[in-house]
Amino acid sequence: MHRLFPEKLVTIITSDVLEDRLVASVRNRGASGYTILRARGAGSSGVQSGMLDIDTNIKLHVIVPPQRLSGLLDDLERLMHKGYHMTVYVSDVSVLGPEKYETSMY
Amino acid sequence: MGTLSNLLIPAVLFFALGFLARAVKSDLRVPQDLAKMLSIYLLMAIGLHGGYELGKAELTTAFNAVLWAVVLGFVLPMVGYILLLITRRVDRMNAAAIAAHYGSVSAGTFLTAIAYLDNIGIEYESYPVIMLAVMESPAIIVGLLLASWSRQRLAVTGGGNSAGVAVMQSGNGNGHLSSIVREAFTNGSVILLIGSMLIGAISSPGSMVKLFPFIDEIFMGILCLFLFEMGMEAARRIREFRKVGAVLVAFGLIMPLIGGAIGIAVGHYALGLSIGGTTLVAVLGASASYIAVPPAMRLAVPEANPSFYLTLSLGITFPFNVVIGIPLYHYFAALAAA
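Chains as they are written, first to last, in the working numbering: chain A, 1 to 106; chain B, 1 to 338.
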């Protein structure tokens, strides 16, 4: 198990209109990269069928070192306070090759 | 019976088929990006076609049409906003977001109206196409202004809990108002429609003729596919009726009638269009956006609930216009002309 190192995985599910804003925030908070999947489902914003531009959701995954987590969460909280509907959760993950997550995208 | 047989055109029937397929829980599925692709095609085709026709049209009338489109885009959301506040079923933020949808237009409804007019052999002018392009944007801006005005009012009166949170953020909310306005005019469908119109207007007529198989001959078939998918989409929304409530459903039926009446007045009296052209302007006034406005409202008015405005515009007003509205507006346009 000595090859595995602890990191934080932040997962965000929200409308795809927020994509640019989330990506900007992920970059500014020094993440090394991110992955976006297209998602569909239903919740407080009603059905998100993913069939039209207006009702497509995204699921954004970003792995950050624990010390960079709280800045990112601040940004997300600010968006939620503005009224944006989003699901955010953080999980503990173990990664191979931790140095990859130390260098930011710039 | 006459009106009913006019509805028996493939595009409307495919809308019904899509709706039915969804209602009986059929396993029928269309590829995820079908509707997105088809709406790009439809906007491009209607833009090229309208631009080509406009190239031959009168400039003064075209200018008047643009002017009236802007007026409609500003007036309709105000009417909707006041009506919604009277119902007392939604707060000011939701009222602003919903009203913006009703000031903007639905290209799908507009194209169905064209199919309807073609079917009964009624001529129409190309000016409504330019109005379609123009009317996408002003309503977004009015919606945003109503929303930020509502935010300030909530700040003054103290408002509820969620309102208080929204107020705290209003400082940087104003900061991106200009970027939202920019987005309203650089919105994908606006760029595509206006760009295609320009291309259609300045291309040499000879080269445009070569495009006719693309923009004319296959057009109705593509419209059938699009409406088929939209029928399924509408049926998907209709389950949220209960959440929306009877009063808002009534708004979704009455607002298009008001918009349609204003549209007939503008088309017939202000622009002096034919019965076909007046019908199309009425459809512009009556229809509610489900392409350009929802993303803008999501971004700029996060306090409003998307399931309200999407259910109203896609689940109620769109089917109403396609099935009942269009023949009705045509009937009243003919009445106004008589």
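Don't read these hints as lab results, they were simulated from the structure.
Just so you know, even glycine gets a beta-carbon here, dropped at the ideal spot from N, CA and C.
Check before you lean on any hint, since a few could be wrong.
No more than 25 Å apart at the CA atoms, straight line, and that leaves these computed lysine-lysine pairs for PhoX-like [what the hints assert, rightly or not]:
{"id": "1", "chain 1": "B", "residue 1": "K210", "chain 2": "B", "residue 2": "K25"}
{"id": "2", "chain 1": "A", "residue 1": "K82", "chain 2": "B", "residue 2": "K243"}
{"id": "3", "chain 1": "A", "residue 1": "K8", "chain 2": "A", "residue 2": "K59"}
{"id": "4", "chain 1": "B", "residue 1": "K56", "chain 2": "B", "residue 2": "K210"}
{"id": "5", "chain 1": "B", "residue 1": "K36", "chain 2": "B", "residue 2": "K25"}
{"id": "6", "chain 1": "B", "residue 1": "K36", "chain 2": "A", "residue 2": "K59"}
Computed from the model, here is a short list of chain A residues facing chain B with C-beta under 8 Å [said to hold, decoys possible]:
{"id": "7", "residue": "S49"}
{"id": "8", "residue": "G50"}
{"id": "9", "residue": "M51"}
{"id": "10", "residue": "D53"}
{"id": "11", "residue": "P66"}
{"id": "12", "residue": "R68"}
{"id": "13", "residue": "V88"}
{"id": "14", "residue": "Y89"}
{"id": "15", "residue": "D92"}
To spell it out: a stretch of chain B is covered by chain A in this simulated footprint if at least three of its residues, at any positions, have a beta carbon under 8 Å from a beta carbon of chain A; those stretches are [as the list claims (entries may be wrong)]:
{"id": "16", "segment": "236-246"}
{"id": "17", "segment": "281-294"}
Quick rundown of the hints versus the structure:
Taking the CA atoms of B:K210 and B:K25, the gap is about 43 Å. The hint is violated against a cut of 25 Å. For the hint linking A:K82 to B:K243, the alpha-carbon distance of about 23 Å falls within 25 Å, and the restraint holds. At most 25 Å may separate the alpha-carbon atoms for a hinted pair to count; A:K8 and A:K59 meet this at roughly 16 Å. At most 25 Å may separate the alpha-carbon atoms for a hinted pair to count; B:K56 and B:K210 meet this at roughly 18 Å.
Of the pairs offered as hints, the one joining B:K36 and B:K25 holds, with about 23 Å between alpha carbons and a cut-off of 25 Å not exceeded. About 20 Å separates the Cα atoms of B:K36 and A:K59, which keeps this hinted pair within 25 Å; it holds. This hint holds: A:S49 has a C-beta 6 Å from the nearest C-beta of chain B, less than the 8 Å allowed. Among the interface hints, the one on A:G50 holds; its C-beta lies about 6 Å from the nearest C-beta in chain B, closer than the 8 Å criterion.
Proximity of A:M51 to chain B holds as hinted, the smallest CB-CB distance being about 6 Å (cut-off 8 Å). Because the beta carbon of A:D53 sits about 6 Å from the nearest beta carbon in chain B, less than 8 Å, this interface hint is met. For A:P66, the suggested interface contact is broken, since its CB lies about 28 Å from the closest CB of chain B, more than 8 Å. Below 8 Å, beta-carbon pairs count as interface contacts, and A:R68 has none with chain B, the closest being about 23 Å; its hint is therefore violated.
Annotation: A:V88 was flagged as interfacial toward chain B, and the flag is violated, the nearest CB pair being 15 Å apart, outside 8 Å. Checking A:Y89 against chain B: minimum C-beta separation of about 20 Å lies over 8 Å; hint violated. Contact between A:D92 and chain B, as hinted, is not supported at the beta carbon level, the nearest pair being about 30 Å apart and thus beyond 8 Å. Look at the segment 236-246 of chain B against chain A: 5 of its residues bring a Cβ nearer than 8 Å to a Cβ of that chain, three or more, so the hint holds.
Coverage of the segment 281-294 of chain B by chain A holds in this model, with 3 residues showing a Cβ closer than 8 Å to a Cβ of that chain against a need of three.
Comparing the model with each earlier hint shows violations of hints 1, 11, 12, 13, 14, 15; every other hint is respected.
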